[in-house]
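**Q** Listed below, chain by chain, are the residues.
Protein chains: 2
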Amino acid sequence: MLVTGGAGFIGSNLVDRLLANDHTVTVFDNLSTGRVQFLEQAAGHPRFMFIRGDLLDHAALCAAVQAQDAVFHLAANADVRRGTEHPRRDLEQNTIATHNVLEAARLGRVGRVYFTSTGSVYGEPAVFPTPEDCPFPIQTSLYGASKVACEALMSAYSQAYGMQCVVFRFVSILGQRYTHGHVFDFLKKLRANPRSVEVLGNGKQSKSYLDVQDCLDAVLLVSQVVQDPFAVFNLGNDGYCTVDESLSWICDEIGLSPGRQYTGGERGWVGDSPLIHLDCTRMRRLGWTPQHTIEQSVRATVRYLLGEQWLLEEAG
Amino acid sequence: MLVTGGAGFIGSNLVDRLLANDHTVTVFDNLSTGRVQFLEQAAGHPRFMFIRGDLLDHAALCAAVQAQDAVFHLAANADVRRGTEHPRRDLEQNTIATHNVLEAARLGRVGRVYFTSTGSVYGEPAVFPTPEDCPFPIQTSLYGASKVACEALMSAYSQAYGMQCVVFRFVSILGQRYTHGHVFDFLKKLRANPRSVEVLGNGKQSKSYLDVQDCLDAVLLVSQVVQDPFAVFNLGNDGYCTVDESLSWICDEIGLSPGRQYTGGERGWVGDSPLIHLDCTRMRRLGWTPQHTIEQSVRATVRYLLGEQWLLEEAG
Numbered sequence: 001m002l003v004t005g006g007a008g009f010i011g012s013n014l015v016d017r018l019l020a021n022d023h024t025v026t027v028f029d030n031l032s033t034g035r036v037q038f039l040e041q042a043a044g045h046p047r048f049m050f051i052r053g054d055l056l057d058h059a060a061l062c063a064a065v066q067a068q069d070a071v072f073h074l075a076a077n078a079d080v081r082r083g084t085e086h087p088r089r090d091l092e093q094n095t096i097a098t099h100n101v102l103e104a105a106r107l108g109r110v111g112r113v114y115f116t117s118t119g120s121v122y123g124e125p126a127v128f129p130t131p132e133d134c135p136f137p138i139q140t141s142l143y144g145a146s147k148v149a150c151e152a153l154m155s156a157y158s159q160a161y162g163m164q165c166v167v168f169r170f171v172s173i174l175g176q177r178y179t180h181g182h183v184f185d186f187l188k189k190l191r192a193n194p195r196s197v198e199v200l201g202n203g204k205q206s207k208s209y210l211d212v213q214d215c216l217d218a219v220l221l222v223s224q225v226v227q228d229p230f231a232v233f234n235l236g237n238d239g240y241c242t243v244d245e246s247l248s249w250i251c252d253e254i255g256l257s258p259g260r261q262y263t264g265g266e267r268g269w270v271g272d273s274p275l276i277h278l279d280c281t282r283m284r285r286l287g288w289t290p291q292h293t294i295e296q297s298v299r300a301t302v303r304y305l306l307g308e309q310w311l312l313e314e315a316g
Numbered sequence: 001m002l003v004t005g006g007a008g009f010i011g012s013n014l015v016d017r018l019l020a021n022d023h024t025v026t027v028f029d030n031l032s033t034g035r036v037q038f039l040e041q042a043a044g045h046p047r048f049m050f051i052r053g054d055l056l057d058h059a060a061l062c063a064a065v066q067a068q069d070a071v072f073h074l075a076a077n078a079d080v081r082r083g084t085e086h087p088r089r090d091l092e093q094n095t096i097a098t099h100n101v102l103e104a105a106r107l108g109r110v111g112r113v114y115f116t117s118t119g120s121v122y123g124e125p126a127v128f129p130t131p132e133d134c135p136f137p138i139q140t141s142l143y144g145a146s147k148v149a150c151e152a153l154m155s156a157y158s159q160a161y162g163m164q165c166v167v168f169r170f171v172s173i174l175g176q177r178y179t180h181g182h183v184f185d186f187l188k189k190l191r192a193n194p195r196s197v198e199v200l201g202n203g204k205q206s207k208s209y210l211d212v213q214d215c216l217d218a219v220l221l222v223s224q225v226v227q228d229p230f231a232v233f234n235l236g237n238d239g240y241c242t243v244d245e246s247l248s249w250i251c252d253e254i255g256l257s258p259g260r261q262y263t264g265g266e267r268g269w270v271g272d273s274p275l276i277h278l279d280c281t282r283m284r285r286l287g288w289t290p291q292h293t294i295e296q297s298v299r300a301t302v303r304y305l306l307g308e309q310w311l312l313e314e315a316g
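Sequence order for the protein chains is A and B.
Read in order, the letters of the first sequence correspond to residues 1 to 316 in the working numbering.
Read in order, the letters of the second sequence correspond to residues 1 to 316 in the working numbering.
Keep in mind that the hints were calculated from the coordinates and are not lab data.
Hints are supplied without guarantee of correctness; some may be wrong.
Said to hold, decoys possible - Using C-beta positions, here's what the derived DEER-type ranges look like:
{"#": "1", "chain 1": "A", "residue 1": "His58", "chain 2": "B", "residue 2": "Asn21", "range": "54 to 60 Å"}
{"#": "2", "chain 1": "B", "residue 1": "Leu56", "chain 2": "A", "residue 2": "Gly44", "range": "52 to 58 Å"}
{"#": "3", "chain 1": "A", "residue 1": "Gln41", "chain 2": "B", "residue 2": "Trp269", "range": "57 to 63 Å"}
{"#": "4", "chain 1": "A", "residue 1": "Glu295", "chain 2": "B", "residue 2": "Pro135", "range": "55 to 61 Å"}
{"#": "5", "chain 1": "A", "residue 1": "Gln227", "chain 2": "B", "residue 2": "Gly264", "range": "50 to 56 Å"}
{"#": "6", "chain 1": "A", "residue 1": "Arg109", "chain 2": "B", "residue 2": "Thr242", "range": "47 to 53 Å"}
{"#": "7", "chain 1": "A", "residue 1": "Pro46", "chain 2": "B", "residue 2": "Gly264", "range": "50 to 56 Å"}
{"#": "8", "chain 1": "B", "residue 1": "Leu56", "chain 2": "A", "residue 2": "Leu312", "range": "37 to 43 Å"}
{"#": "9", "chain 1": "B", "residue 1": "Asn21", "chain 2": "A", "residue 2": "Val127", "range": "37 to 43 Å"}
{"#": "10", "chain 1": "A", "residue 1": "Met49", "chain 2": "B", "residue 2": "Asn193", "range": "52 to 58 Å"}
{"#": "11", "chain 1": "B", "residue 1": "Asp57", "chain 2": "A", "residue 2": "Ser32", "range": "25 to 31 Å"}
{"#": "12", "chain 1": "B", "residue 1": "Thr242", "chain 2": "A", "residue 2": "Thr293", "range": "39 to 45 Å"}
{"#": "13", "chain 1": "A", "residue 1": "Gly265", "chain 2": "B", "residue 2": "Arg303", "range": "55 to 61 Å"}
{"#": "14", "chain 1": "A", "residue 1": "Thr263", "chain 2": "B", "residue 2": "Val127", "range": "47 to 53 Å"}
Stated by the list, open to error - Computed footprint of chain B on chain A; a stretch qualifies when at least three of its residues, placed anywhere within it, have a C-beta under 8 Å from a C-beta of chain B:
{"#": "15", "segment": "32-46"}
{"#": "16", "segment": "51-61"}
{"#": "17", "segment": "198-210"}
To be verified - Some chain B residues near chain A, calculated using beta-carbon distances under 7 Å:
{"#": "18", "residue": "Leu19"}
{"#": "19", "residue": "Leu56"}
{"#": "20", "residue": "Leu91"}
{"#": "21", "residue": "Glu103"}
{"#": "22", "residue": "Leu107"}
{"#": "23", "residue": "Phe136"}
{"#": "24", "residue": "Ser141"}
{"#": "25", "residue": "Leu142"}
{"#": "26", "residue": "Ala145"}
{"#": "27", "residue": "Leu153"}
{"#": "28", "residue": "Thr263"}
{"#": "29", "residue": "Glu266"}
Ideal placement from N, C-alpha and C gives every residue a C-beta, glycine not left out.
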């Protein structure tokens, strides 16, 4: 199994799960946001190999893909918010990189490619909870646009070349090795000033979150039982929470009661979705159920980050 | 006004129309499939300029976009059928090229970008006639996938940077300066062998077609009256015809009665859509109505090509 982005948050957790399930695992990661520390557990394993490589390097990618049974393509630019400052980044690191992964998989005769997309592809949908076959969405972020492009390539490759291609549309994921997102941002702000915290938007944005192990339960289940040449699965919790609620859990976990300064508006930034709530019926029909509530996951993520101060100091 | 792909079939007709409407027009075209002959009428015009340039050349594109009021982005790889033989072509000439156009327009502060997408983005839809907001489609061709990627970039750019971005989803277009598609292919085959003709698929594929002048009526109307920051319009005829019917009109027009050899199957090739029929209500609400039937357009296209034998000899 090849895992691109395997040194990242979700990728490294997937690597540990795949190794525990007796698979041979190769990680392909350029360490732009991935961290070797996340692979410490995997590193000593006889069935583990690490390749430091970039997805824009066709030759390196083709070599890594050789003789792999499946590719889990998790590498991506995941900085949704700053897309407008770097308009080429999502194109290169998401769209072109995913084309390169598919092309390497085709040339290397890899049978299966699993891709981590995002609920952001729905933009601001008209239907909640949003099912996979909701009306043709309009993109509100360069990040979402690039992920839609990747998904389209996945389906076209599956159709053209007979590879199995599976797309997962994630909500925001929480848990061990979490390195960016609202919990991270709030903790950094509260370290700098424990008495007052800036909240992007009006605090009423409502989003669903999912624990990384629940997420990987679903990914691994799909990889074992789904045979369709092309398939799409929403992955999220049935519930959701507001930014304000999540901030309260975070503050409670660290024992602070800061004032809240709202930047205002329904959206935290241009392209932010005021409401993300996915219909995960399709995934649940396979027998999957999340084991963690959103509150449990937020609190566990806070505790994890408080125990890994180096992450808070290093990143962002 | 800048017209990318302005030396092509639809582009050169658009150029003539824009000049007739008193606009100043610059064509940006690499002449990979465009033809200088199509710009003979425009060439002598004092308000016309031609730039031979490639959309992957960022500097040239930025220079061309300077001080333009609007960009009509028509340049594309339009070879739907052979996408699987050249998997990088659609990525480069459609997705990356469109990103470059949008980026140049943003940097050059161009207020409006019009983009020619395709009904192929619907893949094999579940709803006929297919409206713009049909269920989230699954791509069946690399061509469709690349156009979806372009559309997603259009909406994200409009949202992020406040440019007006309008997407047209065309059916196949017919008329003067037509250079590729089923009428072209059949005429070439019949020139080689007037007694027998190969038909890709079972001949029952049903598709809608639209006359190039009807198409441009719609594009120009939208450019004059639509103010939405982002909009999508299907463009086609309300009717459709089968490949067999169209072949009969072609044969009738040239006075031949060849035998027909069907390659078989519902699809002419991998990624071919067995049925293309777009719901154009949204466009019709603006007061637009096609002036030509599909049969009239097919027959007029045959007569045009018979008068321009150089095209049949040179292309394909």
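**Q** The structure should be examined with respect to each hint, and the outcome stated for every one.
**A** Here is what the structure says about each hint:
no.: 1; hint: His58/A with Asn21/B: 54 to 60 Å; verdict: violated, 46 Å
no.: 2; hint: Leu56/B with Gly44/A: 52 to 58 Å; verdict: violated, 46 Å
no.: 3; hint: Gln41/A with Trp269/B: 57 to 63 Å; verdict: violated, 48 Å
no.: 4; hint: Glu295/A with Pro135/B: 55 to 61 Å; verdict: violated, 33 Å
no.: 5; hint: Gln227/A with Gly264/B: 50 to 56 Å; verdict: violated, 27 Å
no.: 6; hint: Arg109/A with Thr242/B: 47 to 53 Å; verdict: violated, 38 Å
no.: 7; hint: Pro46/A with Gly264/B: 50 to 56 Å; verdict: holds, 52 Å
no.: 8; hint: Leu56/B with Leu312/A: 37 to 43 Å; verdict: holds, 42 Å
no.: 9; hint: Asn21/B with Val127/A: 37 to 43 Å; verdict: holds, 41 Å
no.: 10; hint: Met49/A with Asn193/B: 52 to 58 Å; verdict: holds, 57 Å
no.: 11; hint: Asp57/B with Ser32/A: 25 to 31 Å; verdict: holds, 28 Å
no.: 12; hint: Thr242/B with Thr293/A: 39 to 45 Å; verdict: violated, 56 Å
no.: 13; hint: Gly265/A with Arg303/B: 55 to 61 Å; verdict: holds, 58 Å
no.: 14; hint: Thr263/A with Val127/B: 47 to 53 Å; verdict: violated, 41 Å
no.: 15; hint: 32-46; verdict: violated (count 0)
no.: 16; hint: 51-61; verdict: violated (count 0)
no.: 17; hint: 198-210; verdict: violated (count 0)
no.: 18; hint: Leu19; verdict: violated, 32 Å
no.: 19; hint: Leu56; verdict: violated, 13 Å
no.: 20; hint: Leu91; verdict: holds, 5 Å
no.: 21; hint: Glu103; verdict: holds, 6 Å
no.: 22; hint: Leu107; verdict: violated, 10 Å
no.: 23; hint: Phe136; verdict: holds, 5 Å
no.: 24; hint: Ser141; verdict: holds, 6 Å
no.: 25; hint: Leu142; verdict: holds, 5 Å
no.: 26; hint: Ala145; verdict: holds, 4 Å
no.: 27; hint: Leu153; verdict: holds, 5 Å
no.: 28; hint: Thr263; verdict: violated, 18 Å
no.: 29; hint: Glu266; verdict: violated, 14 Å
Of the hints listed earlier, those the structure fails to meet are numbers 1, 2, 3, 4, 5, 6, 12, 14, 15, 16, 17, 18, 19, 22, 28, 29, in rising order.
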